Amino acid sequence: MDRMTTSGSQTAERGRGFWMAFLLPLLAAQTLHPGGGLAPWVLVLFTAALALASPKVAAKLVPFACLACGGYGFYLAHYVQNWAMNPLIYGLVRVGTADNAGWLVPEALAFTAVGVWLLALTGAPGGRAVRRAFWQLRGSHDQPKTVPPLLLLAVIFLWEELFCSDLWFPLFSSSGQRTQVVALGILAIGVGMVVWRPQAAAVTAVAGTVLFGLVGVLWTLHWFTEANGPIGNGAIFYGAVPVHSFAPDTIAGLIPATQGSPALQVLAGAQGLALAAFGVMLVPRLVTWSGDLELANRARALTQRVTRLTETRSDATEVAVAELRRIERDLHDGAQARLVAVGMSLRAAEQLMRANPEAARVLVAEARETSSRALDDLRSLVRGIYPPVLADRGLGDAVRALALDAPLTVDTDITLDGKEPPMPVAAAVYFAIAEALTNAVRHSEADMVEIGIGYSDELLRATIADDGIGGADPSRGTGLLGVERRLATFDGIMAVTSPVGGPTIVVLEVPCALTHGTVWSGDHTWADVVRSSWQTRTLI
Amino acid sequence: MRVVIGEDLFLLRDGLVRLLDAHGFEVVAAVGSAPELLRALTELKPDVGIVDVRLPPTFTDDGLRVAIEARRACPGLPLLVLSQYVEQLYARELLADQAGGVGYLLKDRVFSDAAFADAVRDVAAGSTVLDPEVVSRLMTKRARSGPLAALTPREREVLSLMAQGRSNAAIAAKLFITEKAVSKHAAGIFANLGLTPSDDDNRRVLAVLAYLNS
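Here the protein sequences line up with chains A and B, keeping their order.
Counting in this note's numbering, the first sequence runs without a single skipped number right up to 540 at its last residue.
Counting in this note's numbering, the second sequence runs without a single skipped number right up to 754 at its last residue.
Treat the hints loosely; a few may be bogus.
To be verified - Only some residues are given here: those of chain B computed to face chain A with a beta carbon under 10 angstroms:
no., residue
1, V593
2, R594
3, F599
4, T600
5, D601
6, L604
7, Y625
8, Q628
9, R632
10, L634
11, Q638
12, F651
13, L678
14, R694
The hints are simulated quantities; they were obtained by calculation from the structure and are not laboratory data.
What you are looking at is a predicted structure, and each value in this text was computed from that prediction instead of being measured.
Even for Gly, the Cβ is constructed at its ideal location relative to N, Cα and C.
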């Protein structure tokens with residue numbers, strides 16, 4: 001059964017990777033263009049072969065290929081504004097002139113967005129950052145809504161697009177190279193801020209978004225009031241809107257419009273408004289800044305702790321109630337029943353005293369015997385609740401007493417230096433050791449058990465090791481499970497290693513603080529304490 | 541025979557006084573706390589002391605500590621220690637000085653007053669008397685393997701009674717066999733366990749206990 005499901009899921013995974021992998025040659029095919037020569041064909045064939053040979057690797061490369069395609073699209077969008085180009089197909093658009101170049105940037109943005117989305121989806125490097133940014137924007141139960149610092153990189157890109165038309169052509173002019181260096185430098189600063197000064201990055205991103213949006217809005221208003229002509233030189237893209245180019249008849253994106261046309265202006269204004277609104281929406285989140293990674297981690301840790309405490313608290317109350325029920329039942333069936341019998345025997349004896357003294361004597365003897373049994377019952381009940389030796393002498397001696405009572409050889413190595421853990425912890429550890437010892441006696445066929453108790457780094461550690469046949473399975477025995485739950489109330493843990501045939505070792509660890517034990521620890525003997533408080537009354 | 545009693549429960553203390561009076565003992569002191577008891581034992585030097593483990597001021601094991609301390613001050617002072625529960629651990633501590641004259645019994649045993657009085661006399665005489673509870677736990681410890689497993693049930697009974705500190709005569713009476721049979725069993729047991737035989741009851745019980753405890 002298991003084998004089938006495993007191979008089934010493997011097939012599903014392989015299928016998923018399969019179709020993802022074939023996106024790779026498709027993306028590579030974007031580079032095909034007339035006059036491009038052999039290089040693009042080589043790329044396409046290579047990626048196709050890779051997709052066939054190793055779909056997993058190809059699928060991993062797809063997000064980066066998507067991003068590369070997006071970059072290629074931006075490059076084309078600028079190229080076509082400056083130079084003539086042989087018509088080629090990019091995405092769904094056939095471009096060759098500046099006329100149909102308006103589609104290029106939206107398509108490039110689409111490729112970039114898909115690439116970023118795929119990054120977040122798969123486990124690719126950078127994916128985690130993208131995922132985190134998404135959750136920071138959206139908010140989740142342990143991540144309050146905030147401004148993702150990663151937004152800064154998108155904002156830097158938008159501004160650089162607006163100002164540096166030469167950004168994409170470093171090879172063609174020395175000024176272009178300078179521009180590119182500066183642009184890359186600013187991007188690098190942005191990355192540094194995202195990593196080391198996330199709060200500053202978030203603030204800058206929000207400010208940058210709002211300003212970028214305002215630029216568009218203001219420019220649109222200016223254009224409508226002043227009816228100015230085109231501004232600037234070179235191809236200028238405001239976000240996804242080409243607002244200027246060398247060619248006078250640029251078609252912009254979704255709406256057929258030429259440069260200088262009102263439609264284009266409205267588009268630019270709308271984009272600006274949207275971006276400004278988005279930025280303004282983010283501003284309140286800055287006030288309660290919790291993009292700080294440490295704070296988010298702390299919040300997550302607190303949530304986990306609360307969940308755990310709720311679990312163990314309900315466990316603790318369940319355990320306590322079960323204990324009380326057990327005590328009530330034992331008392332009812334044991335000591336109470338016997339005491340009733342004693343009462344009845346004594347009553348019968350009372351009645352027979354004069355008429356049949358011999359029978360009365362027998363009944364009284366019976367009553368005496370029964371009361372002895374009642375005492376036995378109470379003794380064993382008390383032992384199960386809180387053994388007197390644990391209450392009187394503490395954990396160390398209580399475990400030594402356990403060791404002596406066990407039917408096989410038990411060595412103890414207890415180093416507590418006369419200090420004591422708090423009573424509830426001592427009880428939990430004592431019963432844990434008792435349970436482990438009982439298991440060893442009953443199931444392991446061991447000859448010897450070693451019990452060790454020690455304390456270091458604020459952790460009380462107990463080890464119960466036997467040389468028996470092993471094979472203990474904590475999930476099968478409810479005793480050890482109950483012990484584990486009881487220890488969990490104190491944030492304690494239990495680990496069992498029990499390979500078949502080999503020795504069984506049970507280790508418990510409970511965080512606690514030790515305090516000084518009974519008055520008798522230390523150098524002075526109890527007799528000294530006694531003699532100092534001197535009183536006697538004799539009865540002669 | 542002069543007796544000192546250390547017991548904080550008034551009813552039980554009173555009951556013990558009455559029981560011992562009835563059996564011919566002279567109760568020279570009946571005290572209800574550990575400091576008083578230690579003083580009474582060391583000053584009055586009775587023939588035997590009866591000590592409850594749980595006494596004020598701490599109500600933990602003060603009585604036991606008084607017993608050990610008193611025997612350190614007066615070695616061999618016969619003491620019979622009573623408790624609501626018996627622990628092998630405490631038995632070991634009491635027997636540690638190997639001086640004899642020690643008893644460790646469950647309080648329940650006072651129900652059989654004649655047997656209890658006998659136990660008091662035995663302890664006063666220097667014997668070691670252990671509650672059958674303690675001994676049976678000692679025996680189950682060794683029952684799994686070793687020479688104990690090789691003993692017959694009868695021999696195990698005899699061994700258990702020897703460990704309780706009973707003399708040959710007492711064992712014979714308890715098991716309804718002759719004293720000679722008892723000595724034969726004893727000899728066989730000692731041979732099996734590799735112990736040196738001894739006529740001294742006290743040494744014998746200590747040897748048996750030492751064996752069972754090892």
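Verification of the hints:
{"no.": "1", "hint": "V593", "result": "holds, 8 angstroms"}
{"no.": "2", "hint": "R594", "result": "holds, 8 angstroms"}
{"no.": "3", "hint": "F599", "result": "holds, 8 angstroms"}
{"no.": "4", "hint": "T600", "result": "holds, 4 angstroms"}
{"no.": "5", "hint": "D601", "result": "holds, 5 angstroms"}
{"no.": "6", "hint": "L604", "result": "holds, 9 angstroms"}
{"no.": "7", "hint": "Y625", "result": "holds, 5 angstroms"}
{"no.": "8", "hint": "Q628", "result": "holds, 4 angstroms"}
{"no.": "9", "hint": "R632", "result": "holds, 7 angstroms"}
{"no.": "10", "hint": "L634", "result": "violated, 14 angstroms"}
{"no.": "11", "hint": "Q638", "result": "violated, 18 angstroms"}
{"no.": "12", "hint": "F651", "result": "holds, 5 angstroms"}
{"no.": "13", "hint": "L678", "result": "holds, 8 angstroms"}
{"no.": "14", "hint": "R694", "result": "violated, 22 angstroms"}
When held up to the earlier numbered hints, the structure conflicts with 10, 11 and 14 and fits the remainder.
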